[in-house]
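For reference, the chains in residue letters:
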Amino acid sequence: DTGVSQNPRHKITKRGQNVTFRCDPISEHNRLYWYRQTLGQGPEFLTYFQNEAQLEKSRLLSDRFSAERPKGSFSTLEIQRTEQGDSAMYLCASSLQGELHFGNGTRLTVT
Amino acid sequence: KQEVTQIPAALSVPEGENLVLNCSFTDSAIYNLQWFRQDPGKGLTSLLLIQSSQREQTSGRLNASLDKSSGRSTLYIAASQPGDSATYLCAVRSISSGTYKYIFGTGTRLKVLA
Chain A
3 DTGVSQNPRH KITKRGQNVT FRCDPISEHN RLYWYRQTLG QGPEFLTYFQ
53 NEAQLEKSRL LSDRFSAERP KGSFSTLEIQ RTEQGDSAMY LCASSLQGEL
103 HFGNGTRLTV T
Chain B
2 KQEVTQIPAA LSVPEGENLV LNCSFTDSAI YNLQWFRQDP GKGLTSLLLI
52 QSSQREQTSG RLNASLDKSS GRSTLYIAAS QPGDSATYLC AVRSISSGTY
102 KYIFGTGTRL KVLA
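First to last, the sequence lines map onto chains A and B. Taking my numbering, I'd label the letters of the first sequence as residues 3 to 113. Taking my numbering, I'd label the letters of the second sequence as residues 2 to 115.
Here chain B stands alone, though its shape is the one from the complex (with noise of 0.2 Å):
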């Protein structure tokens, strides 16, 4: 059974640091993986979908790194804003359950103080 974890739970960090979120799954055969910004009371909106194939994906200031053998995927942030604090997810959809279910972790809320 897929399990995903996510730490730290949540981060705060002054404007203009670069950092990293981790995204660790246990069954390490998946077909993508995605990740997501969530802000309070609001649906998710996806930031990057990395295919098992790839190492990884770029958007902006966010880089994707997927590490299957690992079963690890970081989502780097750089320069960060006040306006990228929100709760970040990252969800796997594994190809041992032979559907299109995605299993998420439970997110790290992220704080970025100007």
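Chain A on its own, in the form it takes in the complex (with noise of 0.2 Å):
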């Protein structure tokens, strides 16, 4: 078990700039949960996959951003024209009878 891994650490952007980050989840876990945390606040839900399936997209997931998980295995995160507000740690989740398991998460700022 080596624990969910997500890919990069840190990320400094450009405003209008795409940036894509990947997650990869505990092997065997069928569920990726995708969060986003500002300075001081709990994480927000953004989307989750079962399989390979998007089940759930919250409504602060705008147009700009996009999840996949191909073949149910890792995950990759984009969003695009990138704007100041978006600056935040992105983390990834993954699970498989409940308990939720994190990576250490991508902090994204945006410039």
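A hint or two may mislead.
Claimed, not checked - Calculated cross-link-like contacts (lysine-lysine; reagent style PhoX-like; alpha-carbon spacing at most 25 Å): (1) B/Lys102 / A/Lys59; (2) B/Lys43 / A/Lys13; (3) B/Lys43 / B/Lys112; (4) A/Lys73 / B/Lys102; (5) B/Lys69 / B/Lys102; (6) B/Lys102 / B/Lys2; (7) A/Lys16 / B/Lys43; (8) B/Lys69 / B/Lys2; (9) A/Lys73 / A/Lys59; (10) B/Lys102 / B/Lys43; (11) A/Lys59 / B/Lys2; (12) A/Lys59 / A/Lys13.
FYI, nobody ran anything at the bench for these hints, they're computed from the structure.
The task is to assemble the complex, starting from two chains supplied on their own in separate frames and drawing on the hints.
Structure follows, in structure tokens:
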């Protein structure tokens, strides 16, 4: 069990650029979640997958955000035309029987 | 709509004290509740998971209780240590949402003074 892995750990980008983050869940976990966290706040739900199916998306996830989980393994979260308000920690979690296991997150800074 | 509240927002205690962190939720129909610890700049580490049929769970110096009818959970930390300093978050999965989505509180920032 190597845990949930997220890459990159940090990303600095200029406003208007596209960014993509990757999450590798614990290998046997069928559910994968993306959350966003800003300073001093709890994580906010963005979306989750069961195997390769994206089952729910938050209204926070605008048209600029897209997530995929091909073949039900790793997942990617892409943000197009980044805005300064997108600056946050993006957290990925996976689960099998209900207990969430998180990665260390990707910190995005949009300048 | 499920809402999760954690009080206090911040807490500072001397080393060795026993302390209680609170988590309240508005919709008592939940599948489970999970407590996490988060160190600055890091992801969340799972501490305890309580199923809706359980009243409490224990791990080492940590004990979490669940009272669904009142919409409350408490995390008890015995004999606190400076290494316990972190933000503690709770999250619930609601039955009414019909999904596997978890809703988080805003956390309690704990500082244990040596």
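Each hint tested on the structure:
1. B/Lys102 / A/Lys59: 10 Å, holds
2. B/Lys43 / A/Lys13: 15 Å, holds
3. B/Lys43 / B/Lys112: 17 Å, holds
4. A/Lys73 / B/Lys102: Holds: A/Lys73 and B/Lys102 sit about 21 Å apart, inside 25 Å.
5. B/Lys69 / B/Lys102: 18 Å, holds
6. B/Lys102 / B/Lys2: 12 Å, holds
7. A/Lys16 / B/Lys43: Holds, at about 24 Å.
8. B/Lys69 / B/Lys2: Holds, because 16 Å separates the two Cα atoms, which is no more than 25 Å.
9. A/Lys73 / A/Lys59: 19 Å, holds
10. B/Lys102 / B/Lys43: Given that 25 Å is the threshold and the Cα spacing comes to 21 Å, the pair holds.
11. A/Lys59 / B/Lys2: The given pair, whose Cα atoms are some 16 Å apart, holds under the 25 Å limit.
12. A/Lys59 / A/Lys13: The hint holds at about 23 Å.
Violated hints: none; the structure is consistent with every hint.
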